[in-house]
Amino acid sequence: MARKGHALSFVPTESRFFRRALAEEDCGVVETSETIVTFLRVTEERAKEVFCYFWQSGAVQVIRRGALRQEAEKYARFFRAQGVQPGEVVLIILRHSPDLLHAFLGAMLAGAIPSFMPFPTSKQEPALYWRSHRQLFARIGTGALLTYESNIAAVREHAPDQPLHLLTVEQALVSQCAFVVDADPSAEAVAFLQHSSGTTGLKKGVALTHAAVLRQVRSYATKLQITQEDCIVSWLPLYHDMGLIACFLLPLLTGVPVVMLDPFEWVARPGMLFEAIRQYRGTLCWLPNFAFHHLCRTVRSTPQLDLRSMRAWIDCSEPCRAETFRIFAHTFARAGVCAEQLQVCYAMAETVFAVTQTDLGVMPRTMTVDAAALRTQGAVCSVTTGETVSILSTGRPISGLDIAIVDNTGQRLPEGRVGEIAISGDCLFAGYYKLEEETRRKLRHGWYYTGDLGFLHAGELFVTGRKHDLIIVHGRNYYAHELEYLVNQVPGVHPGRNVAVGWFRPEAGSEEVVIIAESGDQLEDATLASRIKQTVLDQTGLLVFDVHVAPPGWLVKTTSGKISRSENLRKYQCLADLARS
Amino acid sequence: MTSEEILPQLTRIIIEVAHCGPVPINRATRALDVRGWDSLTHTTILMQIEDHFGLRLPLERVLNLRNVGELADLIAELRHSA
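One line per chain: the protein sequences are A and B, in this order.
Counting in the numbering used here, the final residue of the first sequence is number 581, and the numbers go up one at a time with none missing.
Counting in the numbering used here, the final residue of the second sequence is number 82, and the numbers go up one at a time with none missing.
Calculated from the structure, these hints are not laboratory results.
Because the structure is a prediction, the values reported are computed rather than measured.
Every residue gets a Cβ at the ideal spot worked out from N, C-alpha and C, and that includes glycine.
Possibly wrong hints are sitting among the right ones.
Said to hold, decoys possible - Short derived list, chain A residues pointing at chain B, Cβ under 7 Å:
| # | residue |
| --- | --- |
| 1 | 268 |
| 2 | 297 |
| 3 | 298 |
| 4 | 530 |
| 5 | 545 |
So here's chain B without its partners, still in its complex pose (with noise of 0.2 Å):
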C-alpha cells in the first residue's frame, strides 16, 4: 500500500477522532490546521492507525512527525518492512 492509498484511510481516522467536521486534509495538513487535533487526541489518532492497519508505531518516530504526509509515509514504510 502507497502512502497515497493510505491517505484517505487516514484522513477517515483523524476526522472520526477529533471530531472536527469534514475538513480538507492533504500532505501538508499539520494537527495545528485541524479543530481539536492536540496532543491528547493524538494519541488515541495513533492507537487506531495501529488497529486499523496491523502495526506498532515506533514512539521515537511518532514523536518527530511534522504533517499527515509523513505519518503516512512512515505507515506506508511500517507495512512494506512488515
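Bound-form chain A, shown alone (with noise of 0.2 Å):
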C-alpha cells in the first residue's frame, strides 16, 4: 500500500538511501561486499545532513553525518594505536552520550567487534557489578574495554586477572593518532555483538555480520515504507535490540534523522518523548508494551500535546496486549493517537531484529480464542462456552525471513496450532560469540529455534507464551534459573530453596520479578528480602518488584522434587490477593 502523499518518494524494493548510496557507488545492483562501513562513507553534501538530535539535561546536540564520521575516525584511530586487532571485541560501558554512537562506529572502522554493555545505575554497588562481569571479560578474551578513567580502579579490582586492554574515553578524546584507518570488513564478517539476553556473567553475543544487518534493515525499512520524511524519536538504550538497530542502525542506514532522548531521564520525565515528537515531527516510534502504560500514567493529555505527526508506535520486546492499546488510544485521542497508528513487531536479537511486523495504517488483528483449548492442546477455537483470551497479531514475517511452528520433535505444525516458533532466512545470526554449543542447540540446518511458542493463522503470527523460563521485565530478558543462582548466593537464604517468577500485572503492562526465598538464618526478613535485592540489583541492574521470605518448607515441589515455579507462583498470588483483602 502507497502512503499518502509519499508514493513518489518511495521506492518499494529498496529505500531511497540505498538507492543513492548505491548510485554513489557506481553500480546497478546491489553489492554483496557491501558492510555497515560502506554507510559512513558520505559525500560532501550529504555530510552536513542531521543524523540525530541527541538530547540531554534540557540541551540538544545536532550530529550531522559528516561529524559522525569524523568522530568515529578519531575512535578508530585510537583503538588501532592502543593494540586493539581487527576481529577483537571491544565492550563498550560508556553513560548515554554521543561518545556511544562514536566508539561504536569508530571500533567497525578499525575492523574490530564492537558491544554494547548496560552502565552501571548509581543504585548498583560497583564491586559487584565489575565482579558479576568476570566470566564475561573471561570469554571475550583478548579485546578492549571502554569505559570512564573513574570505573579503572574498580575494575582492576574487582575483576582482575583479565586479558582486556582497558581504554578511557579521556584517553580517546585527547588522543592524537596519525594512524590512517578504513577497514574494509568483508559482508560475512561480525559488525557486532549484542548483549541483550540473561544476566551479566552468563550474557550470551549474538554475533551479527554486516550482511545480515543490512539484509535485516533493507527488508525492515521496506516493511514500513520508511521514506525522507519519517522520523524517528526514542528513549531507549542502545545495548538493547530495540535501541540499537531499530533506533540507531536503521535511521543511520535509511538515512532518516533519529532523535535519541536519555533513557533515565525519560523513565523519570516520560512526557519528553511527545515534546520531542512534536518539535521534530516525529513520524516512529518502539516502545515496550510497559512504556505505553507508563505514558497513560504519567502524562496529562493537554490541549498542547500534538501527537498528529506520528506514523506508529511499535509494541514489541515483551508480549503486547490489545488492553494496552486500548488504553493508549483513548487517552491521547485528543492529541492526534488512533487505533490505526498502533502496530505490533515480533523481534529478536539473532535474526538482527524484526522478525514480523503489522501492516502499518491497518490495526492489528486480534484473535480471541478457547482457553482452555489453546492451554492444554495448544488447539487454537474460536468456538467456545467458556473463557476465552484475546491475543494480538504480531504481522507476517519480513521479507527474507520464513516462521515455522514445530512441536518437541521438530516436526512442522499446521496452522492453528501452538508449537515452537522457528525462524530461518537471510538474516539469522552467525552464533554465539564463542558458546559453540549453545550455539549448536538453538541453531539447526539453518533454523533458530527461538523458545518461544505461538500458531500461525491466515499467514500472521500470533505468540502466546514460552518454552522456557524466560522473565521479560520492561522489555528486558532474564532466565529465571540464573536469578536463582544469585539469589543462592546470598547468605542467610537456605541452599537451593529459592525460586523467581515472573508475575504479569496488567496495570504495569508488563511482568514483574518475584523471588521467594525460604529463610535459612535467624535474619529479620526484611533484612534478608532487602539483601536479595540489592544483590540482584548490583549485578543484573535488575530491580526485583518483590521478595517474600517463607518459613523452611513453604516451597512447593513437582513430582519429580523440582521446586515448581507455576505452582509457587500461584501460591504467592493467593498470598497476595489476601494482603490486598
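Hints in hand, dock the two standalone chains.
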C-alpha cells in the first residue's frame, strides 16, 4: 500500500537512501560486498545532513553525518593505536552520550567488533557489578573494554587477571594518532555483538554479520515504507536490540533522522518523548508494552499535546496486549493518536531485529480463542462456551524470513496449532560468540529455535508464551534459573530453596520478577529481602518487584522433586490477594 | 514546612502509589526496601509529590536521591525557596 503523499518518493524494493548509496558507488545492482562501514562514507553534500538530535539534560546536540564519521574515525585511530586488532571485541560501557555512537562506529571502522553493555546505575554497588562481569570478560579474551577513567580502578580490583585492554574515553578524546584506518571488512564478517539476554556473567553475545544487518534493515525499512519524510524518536537504551537496530542503525542506514533521549531521563520525565515528537514532527516510535502504560499513567493529555505527525507506535520486546492499545488510544485521542497507528513487531537479536511486523495504517488483528483448548491441547478454537483469551497478531514475517511452528520432535505443525516458533532466512545471527555448544543447540540446519510458543493464522504470527523460564521485565530478558543462582549466593538464604517467577501485572503492562526464598538463618525477613534485592540489582541491574521470605518447607515441589515455578507463583498470588482484601 | 513535617505526607503518597500495604517508612528507607517501588513507580510518586506540594522537582536532582530522607529534604528546600 502506497503511503498517502509519499507515493512518489517511495521506492518499494529499497529505500531512497539505499538507492542513492548504490548510485554513489556507481553500480547498478546490490553489491554483496556492502557493509555498515560503506554507509559511513558520505559525500560533502550528505555530510551536512542531520543524523541525530541528541537530547540530554535539557540541551540538544545536533550530530551531522560528516561529524559522525569524523568522530568515529578518531575512535578508530585510537583503538588501533592502543593495539586493538581487527576481529577483536571492544566492549563499550558508557553512560548515554554521543561517545556511545562514535565509539561503536569507530570500533567497526577499525575492523574490531563492538558491543554495548549497560552502564551501572547509581544504585548498583560497583564491586559486585564488575565482579559479575568476570566470566564474560574471560570469555571475550583479548580485546578491549572502553569505559571512564573513574571506573578503571574498580575494574582492576574486582575483575582482575583478564586479558582485555582497559581503555578510557578520556584517553580517546585527547588522543592524536596519525593512524590511517579504513578497515574494509567483508560482508560476511561479524559486525558487532548484541549482549541483550540473561544476567551479566551468563549473557550470550549474539554475533551479527554486516550482510545480515543490511538485509534486515533493508527488508524492515521496506515493510515500514520508510521515506526521507520520516523521523524516528527514541528513549531506548542502545545496548538493547530495539534501541540499537530500530533507533540507531536503521536511521543510519536509511538516512532518516533520529531523536535520541536519555533512557534515565525519560523514565523520570516520560512527557519529554511527546515533546520531542511535537518539535521534530516524529513519525515512528518503538516502545515495549510497559512504556505505553507508563506514558498513560504519567503524561497528562493537554490541548498543547500534538502527536498528529506520527505514522506508527510500534509495540515490541515484550508480550503486546490489545488492552494496552485501547487505553493508549483512548488516553491520547485528543492529541491525535488513533487505533490504526498502534502496531506490533515480534523481534529478537538472533534475527538482527524484526521477525514479523503488522501492516502500518491498518489495525492489527486480535483473535479471541478458547482458553482451555489453547492451554491444554495447543489448539486454536474460536468457538467456545468457556473462558476466552484475546491474542494480538504480530503480523507476517518480513521479506527474507520464514517461520515454522514445530512440535517437540521438530515436526512442522499446521496453521492453528500452537508450537515452538522456529525461524530461518537471510538475516539470522552467525552464532553466540565463543559458545559453540549453545549455538548448535539453538541454530540447527539453518533454523533458529526461539523457545517462544505461538501459532500461525492466515499467515500471521500470534505469540502465546514461552517454552523456557524467560521473564521479560520492561522489555529486558532475564532467565529465572540465573536469578535463582544469584539468590542462592546470598548469605541467609536456605541453599537451593528459592524460586524466581514472572508475575504479570496488568496495571504495569509488564511482567515483574518475584523471588520467594526460604530463610535458612535467624535474619529478620526484611533484612534478608533487602539483601536479596540488592544482590540481584548489583549484578543484573534488575529491581526485583517483591521478595517474599518464607519459612522452611514453604516452597512447593513437583513430583520429580524440582521446585515448581507455576505452583509457587499461584501460592504467592493467593497470599497477595489475601493481603489486599 | 520542615523535613520532619513532610515525611508523614510523603509516606502516605509512597504507600498509596506503590500499593505496598502499611510498611514502616523513615528517613533511611530506600526504594529497594519497599515492595513495588521501582523506577516507574518512582515517576508516579514524584508526580504525586509535585501535585501535593505544588512544586516542580528538577530532573537532575531527583535522579540522584538515595533515600526518603533526601527526598523530604529536597521538598523542604524547594518549598522554602519558592
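Hints and how they fare:
1. 268: Holds, because the Cβ-Cβ distance from residue 268 of chain A to chain B comes to roughly 6 Å (cut-off 7 Å).
2. 297: holds (6 Å)
3. 298: At about 5 Å, which falls below the 7 Å cut-off, the nearest Cβ of chain B leaves the hint on residue 298 of chain A intact, so it holds.
4. 530: holds (6 Å)
5. 545: Since the shortest Cβ distance to chain B is 6 Å, the answer is holds.
Comparing the model with each numbered hint stated earlier shows that all of them hold.
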